[in-house]
Amino acid sequence: MYSLSEAAHQVPVIEPSAADGTFSLLWLVIGLPLLGAAVLLLGGRATDRWGHWLGTLMSAASFVVSLLLFVELLGREAGDRSVTQHLYDWIAVGDLQVGMDLLYDPLSALFLLLITGVGTLIHVYSIGYMEHDPRRRRFFAYLNLFVAAMLMLVLAENYLGLFLGWEGVGLASYLLIGFWQHKPSAAAAAKKAFVINRVGDIGMALAIALLFTTFGTTSFTAISQVSGAAEQDTLTAVGLLLLLAACGKSAQVPLQAWLLDAMEGPTPVSALIHAATMVTAGVYLVVRSNFIFELAPTAQTVVVIVATVTLLWGAVIGCAKDDIKKALAGSTMSQIGYMMLGAGLGVAGYAFAIFHLITHGFFKANMFLGAGSVMHGMNDDVDMRRYGALRHAMPVTFLTFAMGYLAIIGFPGFSGFWSKDKIIETALAENWVVGVLALLGAGITGFYMTRLMLLTFFTTRRWKEDVHPHESPGVMTVPLVVLAALSVLGGVLLLGDWIVEWLAPVVGEAPHHEPPLPIIVITLLTVATVAVGVAAAWFLVGKREVPLTAPQDVSFATRAARADMYGDAINDVLVARPGAATVRGLTAGDRSVVDGLFTGGSAGVKATGNVLRRLQNGFVRSYALSVLGGVLLVVLALLAVNLA
Amino acid sequence: MTDVTPYVVLSAILFSIGAVGVLTRRNAIVVFMCVELMLNACNLALVAFAKQHGNLDGQVAAFFVMVVAAAEVVVGLAIIMTIFRTRRSASVDDASLLKY
Amino acid sequence: MTAFWILAPVMVVCALGILVVRKAVHAALLLATVMISLAVLYAVLEAPFLFVVQIIVYTGAILMLFLFVVMLVGVDASDSLVETIRGQRSAAVVAGIALGALLLVGVSQLSLGATVGLEEANAGGNIEGLADLLFSRYVLVFEVTAALLITAALGAMVLAHRERTSAKPGQAELAAQRVRDFGTKGLHLGPLPAPGVYARHNAVDTPALLPDGTPAETSVSQTLAARGTIRHAPDLADDIEDVQRALGGPAGGAGTPADTSAGSGHNTENPSTGNATGAGGPGASGTGTDEEAHR
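Protein chains in written order, with UniProt numbering: chain A, 1 to 644; chain B, 1 to 100; chain C, 1 to 295.
None of these hints come from the bench; they were simulated from the model.
Note that this is a predicted model, so its numbers are computed, not measured.
Glycine included, C-beta positions come from ideal geometry on N, C-alpha and C.
Take these hints with a grain of salt, some might be off.
Quick list of simulated restraints, FRET-style, between CB atoms [as the list claims (entries may be wrong)]:
#1 A:A607 x C:G87: 45 to 55 Å
#2 C:G87 x A:A644: 29 to 39 Å
#3 C:A98 x B:D3: 20 to 30 Å
#4 C:L16 x A:A644: 27 to 37 Å
#5 C:A98 x A:A607: 31 to 41 Å
#6 B:D3 x A:L632: 54 to 64 Å
#7 A:R613 x C:L189: 29 to 39 Å
Among chain B residues calculated to face chain A with C-beta under 8 Å, some are [unchecked claim]:
#8 V22
#9 L23
#10 D57
#11 A61
#12 F64
#13 V65
#14 V92
#15 S96
#16 L98
#17 K99
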């Protein structure tokens with residue numbers, strides 16, 4: 001395929017300086033939401049009245065600190081933008097010395113702003129969205145817990161700290177997907193997400209163990225300095241294991257099945273965790289581990305393959321879903337595929353992957369919250385076939401959603417246009433097959449987003465009788481407006497290649513590759529492809545009558561897409577059933593062989609005992625005879641010894 | 001000086017007879033008597049060996065055997081009495097409930 | 001050695017006798033013979049103290065204790081000598097003979113050498129010599145035996161002691177019980193019948209005859225019945241001829257045909273007279289206490 005070997009030497013070594021001045025506040029970024037979560041969870045009902053305010057406040061305070069730190073970092077020299085803070089010695093066992101260290105560099109800085117910024121907006125939104133839920137305080141506690149864990153994930157200086165945050169967000173995700181635990185579907189979805197994430201976590205745990213045995217440390221700083229010395233095969237293994245972890249967390253094929261079910265959670269959760277932040281942790285992991293992947297081209301190739309498959313897979317699913325949140329979830333899967341693709345392309349793509357991650361965080365959170373606003377007005381109905389013509393009923397939601405829509409399909413000038421275009425461009429430059437497939441994905445994105453848009457806000461009214469759509473309260477629309485603005489303007493990050501230069505100290509700077517076509521041609525091609533997708537949606541959906549229930553006599557492709565591309569079936573056939581069969585076999589084997597060995601042994605002992613116990617006939621004289629027999633033996637032995 | 005070998009032989013014979021008696025008789029009292037016979041046979045050997053070696057330690061040992069035998073008989077007969085009282089039988093075969 | 005060669009066969013025979021006699025009393029007597037013979041052998045073996053102790057303690061005290069228990073348990077408690085455990089007797093005999101043979105082989109392998117004799121040890125007197133040893137080298141053992149004897153005495157008392165669970169019935173209660181038994185079970189209210197009184201036999205071991213000619217079992221002590229020493233009236237008729245012969249009277253019993261016929265008649269009615277003694281087996285002693293209380 002493509003070669004990145006010449007890029008290997010350009011992986012920058014992380015050489016952080018100790019935190020001082022403003023940077024000593026770094027721990028507060030994590031500490032504040034953690035404190036909020038602790039107060040809300042331990043405070044119980046006493047905090048019910050003001051719990052949501054506290055949660056929002058903590059998140060906002062964390063955002064303020066992040067902003068301060070960011071400004072401080074902007075003021076530094078490009079090569080000096082890496083800071084660590086050693087909080088305390090975490091694990092000190094023999095050779096395993098792990099400190100609770102934080103690493104603040106341009107990459108984490110962007111994540112901090114995204115997580116705390118979008119997180120705060122979603123906190124604000126949730127105040128309105130969860131207003132009538134009796135367990136709102138708990139919801140905010142979990143949200144704060146999630147924010148703290150996610151910040152831990154992106155701030156950790158070593159893989160073990162990252163793993164702590166990794167598991168923390170997994171826990172928060174589990175708790176929030178199953179927040180409405182009274183619904184069996186929500187409980188099952190939470191369990192499914194948890195179990196599938198565990199599969200990825202195995203990869204993570206193994207990767208950490210392998211890193212420790214290879215390098216004797218788990219610190220990013222230390223490993224980035226010596227990773228070149230390790231064997232290629234080891235690095236490839238680590239890279240593949242990290243990819244497995246990333247697949248689990250970021251819902252990439254083959255561990256993608258949980259994300260669609262995760263939509264059972266409250267919509268702010270879907271926006272924050274399953275669109276903007278947590279699911280992008282896999283992308284962060286790959287980018288953060290660039291010093292591994294740059295030296296393991298095979299692993300990188302696998303990342304690209306997985307990413308390409310996922311971006312098409314998710315897009316196809318998004319085309320067929322009638323559930324607005326699931327359509328958006330398919331879209332999320334697809335967009336993360338783009339990010340992974342960028343990350344898999346190596347030095348040339350890291351910055352664009354992060355760029356797309358940020359813009360996607362804006363517009364996808366915006367759209368999820370918009371979807372939540374729509375559901376809020378439609379009595380929590382998620383079926384798009386019962387929507388229609390909502391643009392008049394919910395003007396603010398419609399306008400903000402439209403901004404997100406234009407951003408995601410890549411309408412020129414909007415944030416998604418810049419970020420996705422860059423990834424497609426880089427992909428084409430690196431490998432034209434992948435590039436063409438990414439281009440195709442952009443077309444499909446245009447199709448399914450237009451379909452969603454049309455079904456929801458245009459066409460005719462198909463509301464249920466007792467539904468009276470209304471605009472959501474200000475506390476919900478203000479975040480929408482802010483996010484919409486960000487969706488539109490997110491592209492400014494690319495102004496003068498700012499983000500590329502900003503991230504260069506972390507991910508390195510790629511030598512300029514000449515794309516196979518002029519950039520302007522690629523851009524036009526992308527826009528044209530998207531336009532085809534939009535036009536297809538317009539003719540197939542917008543111009544036709546929308547049936548209230550999904551038609552059943554549809555093509556195989558549609559059926560497959562509706563069934564999540566048979567993801568569950570594949571899991572069932574490949575994993576669940578063989579697993580169950582193995583367990584059944586093992587159980588049977590355990591019963592017959594292992595237990596049989598013991599029961600058989602005990603039965604044998606019992607049978608022998610049954611025979612031998614006849615000797616205990618209760619007659620003293622029989623026992624006395626045995627004693628005399630013993631005496632005889634002793635005397636015989638004595639004689640034998642003495643006479644011998 | 002007389003040879004003590006015949007005494008030892010007699011002692012062995014009496015001991016064996018006593019052992020056979022313990023094994024064959026069923027009346028607990030007779031069994032007990034046979035035990036006494038075995039003890040006495042031992043005593044004979046002890047006394048004979050005392051003479052053989054020319055010191056009194058054997059006789060002292062025989063004396064202690066007698067003391068222990070006396071104590072044993074007292075307790076043993078009391079046990080026989082108690083068993084007889086409850087079971088109306090002095091047969092050692094009747095007290096055979098403690099078995100498989 | 002003369003004493004040994006005389007006593008040794010006696011002792012072996014008596015010891016073998018213990019194995020075969022049916023009655024515990026006989027066994028005790030045979031054992032006494034063995035023990036006294038042993039005492040004599042002790043004397044021969046220059047152990048005068050043990051000679052005395054053997055007779056006083058063993059034969060005098062321990063064996064008497066045995067006899068007491070035999071009487072308490074019942075002289076009728078004799079062994080049937082029929083082996084109940086299969087193979088036990090033959091196995092025991094084989095094992096016993098094997099043991100004896102092994103011991104003899106062992107002894108025969110020894111060469112004891114010249115006997116030292118006890119003249120020197122007994123120079124200051126046998127008892128004084130033993131005392132010297134007992135209170136010097138064996139003083140600890142001696143003390144321990146003291147503890148053993150006290151323990152044994154206490155143990156025997158605890159084992160043999162029987163706590164009364166109800167008040168001892170007095171004369172009035174016994175009388176009332178007899179009336180109750182008469183009312184409920186129809187038992188005889190009056191005193192038990194006296195033993196039979198015949199021309200030549202009026203001892204307590206001769207049961208009285210009931211009107212139908214059968215012997216009244218309740219007229220003699222159960223203990224006598226158990227011991228098998230009861231003479232039944234019809235058996236007495238067998239003596240008649242002897243008596244007549246002794247008196248020199250007409251032979252053949254023609255002079256007293258009635259008596260003879262009466263005697264034979266009794267015999268035919270009681271074909272199992274001889275077995276009557278056996279009927280009072282160990283089980284009979286269970287009911288004996290009540291009836292003895294009646295007497």
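Hints, verified against the model:
1. A:A607 x C:G87: 45 to 55 Å: Between A607 (chain A) and G87 (chain C), where Cβ atoms are some 24 Å apart, the hint is violated.
2. C:G87 x A:A644: 29 to 39 Å: For A644 (chain A) against G87 (chain C), whose Cβ atoms are near 33 Å apart, the range 29 to 39 Å holds.
3. C:A98 x B:D3: 20 to 30 Å: Given a distance of about 26 Å, which is inside 20 to 30 Å, the answer is holds.
4. C:L16 x A:A644: 27 to 37 Å: holds (34 Å)
5. C:A98 x A:A607: 31 to 41 Å: The hinted range 31 to 41 Å holds for A98 (chain C) and A607 (chain A), with Cβ atoms some 33 Å apart.
6. B:D3 x A:L632: 54 to 64 Å: Since the Cβ atoms of D3 (chain B) and L632 (chain A) sit about 27 Å apart, the hinted range of 54 to 64 Å is violated.
7. A:R613 x C:L189: 29 to 39 Å: About 55 Å separates the Cβ atoms of R613 (chain A) and L189 (chain C), which means 29 to 39 Å is violated.
8. V22: holds (6 Å)
9. L23: holds (6 Å)
10. D57: violated (22 Å)
11. A61: Because about 20 Å separates A61 (chain B) from the closest Cβ in chain A, which is outside the 8 Å limit, the hint is violated.
12. F64: violated (21 Å)
13. V65: violated (18 Å)
14. V92: Holds. Min distance 5 Å.
15. S96: holds (3 Å)
16. L98: holds (6 Å)
17. K99: holds (3 Å)
In the structure shown, a violation is registered for the earlier hints numbered 1, 6, 7, 10, 11, 12 and 13, in ascending order.
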